[in-house]
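Chemist: One letter stands for each residue in the lines below.
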Amino acid sequence: MKQYSAWKVFKNGLTGQKDWGRAWRDPEPKQAYDIVIVGGGLHGLATAFYLAKNHGLKNIAVLEKGWIGGGNAGRNTTIVRSNYMMPGNRQFYEHSLQLWEELSHELNYNVMFSQRAHVALFHSPGARDAYARRYNTMRLTGSDGELWGLEQLKNEIPHLNYNDARFPITGAAVQRRAGTARHDAVAWGYARAADQLGVDIIQNCEVTAVRRDGGRVHALQTSRGEIKAGKVGFAVAGNTTRLWQMADLGNLPIESHKLQAFVSEPLKPLLDHVVVFGVGGAHFYISQSDKGGMVFGGDLDWYKSYAQRGNLPIVQDTCEAAMSILPCLGRVRLLRHWSGVMDMTMDGSPFICKTPLKNLYLNAGWNYGGFKASPASGWYFADLIANDRPHEFIEHFSLDRFTRGVIIDERGAGPDPKLHG
Amino acid sequence: MTARRLSTGGLIDRTQAVDFSWDGNPLQGFAGDSLAAALLANNQRIVARSFKYHRPRGIMSCGVEESGALVTVGDGDRRDPNVKATTQELYQGLVASGQNAFPNVRFDVGAVNNLFGRFLPAGFYYKTFMGLPPFESGSGTGYWMWCENIIRKAAGMGSASRAPDPDHYEHGHLFCEVLVVGAGPAGISAAIAAAELGLDVLLVEQDALLGGDLLGQSDAQASRDELLKALAASGVRVMNRTTAFGLYDHGAAGLVERVTDHITQPDPNLPRQRFWTVRAQQTIVASGALERHIAFDNNDRPGIMTAAAGRHYLNRYAVLPGQQIVIAGNNDSTQIVAMDMAAAGAEVTLLDARADIGDSTALKDAGVQIRTGTAPLSARGKTLNSIQLARGLPGAWQADEKLDCDALLISGGWSPVVNLISHRGARPQWNADNACFVVPEEFDGVRLAGSAAGVWQTQACEQSGRHAAMQAAKALGKTVSEAPGVSIGGWQTPIEPLYEINTEGRKSKAFVDLQHDVSSDDVRLAYREGYVSVEHLKRYTTLGMATDGGKMGNVIGLALMAEALGKDIPAVGTTTFRPPYTPVAIGALAGRSVSEHFRPLRRTPLHDWNLTQGATMTMAGLWHRPWYFARPGETINEAYIREAATTRSSVGLCDVTSLGKIAVQGPDATEFLNRIYTNPFAKLPIGKARYGIMLRDDGIVMDDGTTWRLSETDYFMTTTTVNAAKVLTWLEELLQTRWPELRVHVTSVSEQWAGCAIAGPKSREVLSACVHQTRAVSNEALPFMGVIETALQGGIPCRIARISFSGEMAFEAYVPSDYGPAMMDLLYPQAALHEGCLYGLEALGTMRIEKGHVTGAELDGRVSIDDAGLGKMASPNKAFIGSVLRQRPELMRSDRPQLVGIFPKDRNATFNVGALLCAADEISGMGEGWITGATHSPELGHWIGLGFIKGGVDAWQSKIAVAADPLRDQQTEVEIVSPHMVDPSGERMHG
Amino acid sequence: MIRIDCPFCGLRDHSEFSYGGDASINYPPLDAPAEQWHDAVFLRENIRGRQLETWQHTSGCRMWLNVERDTVSHEIFAVWPAHRGYGRVLHAEKENTE
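Residue numbers (the numbering used here), protein chains in the order written: chain A, 2 to 422; chain B, 1301 to 2291; chain C, 4 to 101.
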């Protein structure tokens, strides 16, 4: 196993970078695996890693129809935070944040998790009070959180719009341990670490049919042949419904929507924090990448879509929101905008659960939250697959919660997937 | 002796000298110059530093593909970083400076990075900076963040101002039958042809001048003039300085028009830029082709640029890029460049990688030295002074002699600009004969023309444009004669694919993506490490992610990866092009909807009236509503306590106009209301109002409000301020999609009525003094929950309901909006007679908390009707929206958090909204509940609150809870009481 | 930008409209068993391709429309009023004017 380190980087500098091998192997798929994870995104790769690491399991494959990290792993604004308050969500996202804090060391791959603080602006006493409940819940469950008054906020971020904003900023709820990470590195880091533990990562391998044997999955038909599986986990985000229906399992509480992301030209440091706000029907978040680009986003495009293309009205809305909060951005130029397909659920919370098929497990429904969730998602999904029972923290992440009436709706938006952005 | 301005030729205006400043030095150019042309004319070779290694960079191109000459234009609040000098028009007084360098671009201490370049290959940062070197020891993110801080300062390119952008921007909308993008030979020909077919045509060009490639040709003046004349006569709408930056669904295009970026002192009334949304029925993309670079050692040295750029500088700007010019390429397009350079007096050597370049008589006659089977192996000098040559064939080069030169013009082939059509989802295909990606077919109303379609010769481009116009016209249903299409290509001698030049085993710093310092070795490193898919290559090396979008280098990167893999380029694939084609100012995209205009501001008809009475306003959704009416010297706390106390003891008036108001009308209105509200409405008499709660489909509370029955078929519904639009939409959805059989119409009348709440024991006296007929509001005529339609004095039409949010005897009176201030002028003097007051949202909140009335703070979209203590309002005798799913088992549990009142155990203590309610022995974890409202109660004389706690009052009767508020370092012991803290039996409002 | 041909107002940008949801759902009677309500409220076919959906012309005539649209290409195949009665009236009106 080749450890990455400053020493190795130095040594390779002297030897012309010849000593680096593949970050992960490119194996031919075997005919059968004990566990097959469908989906080589962050969640699938993390699951494979924790199955091998935490549960000592071998003979695991991750099947990816394209190239790993090619879905929403590469289409997000890289924000990591744990400011969730609903039972289950709270513990889950907090655990995720803890995993993030050690992830570079755990994977021996620098995922560049930068705890630059997540600053959620508020504009009214009512909004402050709603944040207070959330952040008090965080504090009492061992996380960090604080309220900044206007003066402190001005000291920390002097160039927000304190002058002529339509909704004057009155303060912020802050989680200092939150921040951003390098999204591609997370995919590659998990892939490399899982590979080193013997996981086969098989790219360009699309599942085309799910072969059932009564109440079990018998095998997966793929573009690279049939692969038998002892247990199967789906972790395919926006494509979940398609696989689900391939397994003849009917409908899910999921709708695929598209979310655009935006990046500007690179600039010298302009913003040190993650800044977000939601007011007046707008929703906006922004940070600056290490390369210098302003990375930002807003709402969904509002209509259901499987297209990875955005449309102009949301470009305009998002830029308005950007300018409303950081009026110096007017001359900064947008470099790229693109869009990802989000698996939006009926309450904005995810699924990590068993399914009607005995050896099939589901990981889906990440709405806007997928990136920050990936370590814990992999951790608990691996735990579920290995032990065939949900950990208590994720017992609500089940498909039957709507039948039972469990409310873990962070936004209180109700059963309309597009409202859970 | 290097680059210089010629005394004749070009499209510049030598009668207009233009002074500008470069890095603090005064320089001069001419009107018609680009900044890059003027810098070149002044022989400024090093104008920038690269992203990572801080290598000196010069001008590499003459257009949007520029990856070298990135500069900062302007200063102060108008500082504009990362401007491509090649696209910036020169103007009198322009201030430009180098960036990403200290102290300046000519001498930059950051260049030390270049010495360590061997330790900083692609992706090195993924392998280190995790923990203390050399073995990454430690845990957590601290070490990384320490390193990151340094990295961030080194990264970025230009520096943006932190002050608000002083300029403004506009949005516009355009419609056309045919949008033509690009005014080169193909685009102009297409536009004219389409217009001649009677089509409404819009032609947009990013450049200030029309003509495209014609602008760079030495002998094209006459044909350009002719085309422009025909264009002017054709009726085509033409927009120059306008970039079509993206194509979107259904024929939409985004344009950005640069209105003042080329003007010294623009009219302040002009926007800096305009963002246009075009809806085109057909689109012809004639966006041209861009010349590619070639990877070889030090191929980034100032003095190296594309061949076509050299020609443009010569013919358009009369700047000869050097005196000893070497032109190197692999295709026919370099020959005319060599001829032009030689004709301008330069000493020209043409290197061609091909063994055979066809008939070279003309070249020889022009004095051009020709070396076939030759290519540059390595460039020398901080700014170029010589090159080492390589001879042989691609793949088997041998080092050859050295050649002195001060300019090296490169052509590695041409890449059609297929970005725009790719935005729509068209997949470019590799054309091996021409060594480029093309999109040959029309894609959903978008078609390519000219060199964007891979057509190389000017006349063929014009024909290609006309052909595209015919096809577009045909698609629009016009009868057109068939114009012959033009096939891709047009070289006399085939291009020889050439992406990298090196000899076996030779160390080389050959750049593929110059702006991001991605070298050919980086591409091979990515290959060795398994980052072989195009997207992995791109992300791992950052190839093509810079501000030029990889316009010059992407194909080289693909080719090198293909070579490493032993595959063809098509097998590697291509990256997806994302909008915008060139970067667009965020300000332009935002337009006018910024600062206070970010969202509309809603003011009630009483807004000005309230202000004259000393109201301090607060936000409620998009509304401004009175928060409190402070008397001189009063604090907000003193004011709201006085307002609430006065209202309870005498009378208070409150603007309630912002409540949503919906007219529900029709023969089936009663049935409709009975289905959407949880409580029965079937028997609500005319002249009565009823408080109602509506649930969502999933059984959670959606909104509440009163509905007044005005006649058999006419109801007046009020909603909360925040949910007004949502409820209207919901009612419309139900009526139009689920219950089309119901004969009901709903109309928003929120804007039509101004409303005032008159609350307090003296409220009837105040109101009766104001109505046309005093007895209309008597207890008999207007009992609790009664409704009347009457008139105020002076004949102001008015509808009044006796309903109460404050818990006092109270009325809500609504008059047509324009009468709002007149109503207040009647009511307020009467209230004053009783020493009554105006009250705002803060006092309203106090009184509703005292009464345990819920608002949006409680009804947060997760609360059931039972949680809110209103379970008795859910009728067991009828079905209504949400009646089934509200009874799901988890929602029926008795230990759910329920609405309660909260008193501090020590009555002098306080607590904050947002505190968690915890059991006294466990102040940690998720808590038992939370606080949604808190106020000083003038009535009770101490602090009180509303909130939710598991099991409700019953579970906490003899237990102390703690309001835990670690955010604000506060912890208060509290008693849990009934939410109805004042007048629980409701005597006052019934009285 | 998606453009929707509102049968009442003509061809307009989608930003004038609000997306509703899946138009193929048949909401059960108000007193139907919980299972039927669960399926209607929470489960979605989530079609990749041609689907039937509702939009409301919020900043226009406020009519709810049924739209047949491809969720990948965004191509729209048909638009008609969600309310059958309005549809019939509109149809009759158009015939009268023609």
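Please note: incorrect hints may appear among the correct ones.
[Unchecked claim] Derived pair list, reagent style DSSO-like, types lysine-lysine, alpha-carbon separation capped at 30 Å:
id, chain 1, residue 1, chain 2, residue 2
1, B, LYS1807, A, LYS9
2, A, LYS54, A, LYS9
3, A, LYS269, B, LYS1453
4, A, LYS12, B, LYS2205
Quick caveat, the hints were computed from the structure, so don't treat them as lab data.
Chemist: Among all the numbered hints in the text so far, which are the ones the structure does not match?
Modeler: Result: hint 4 breaks, nothing else.
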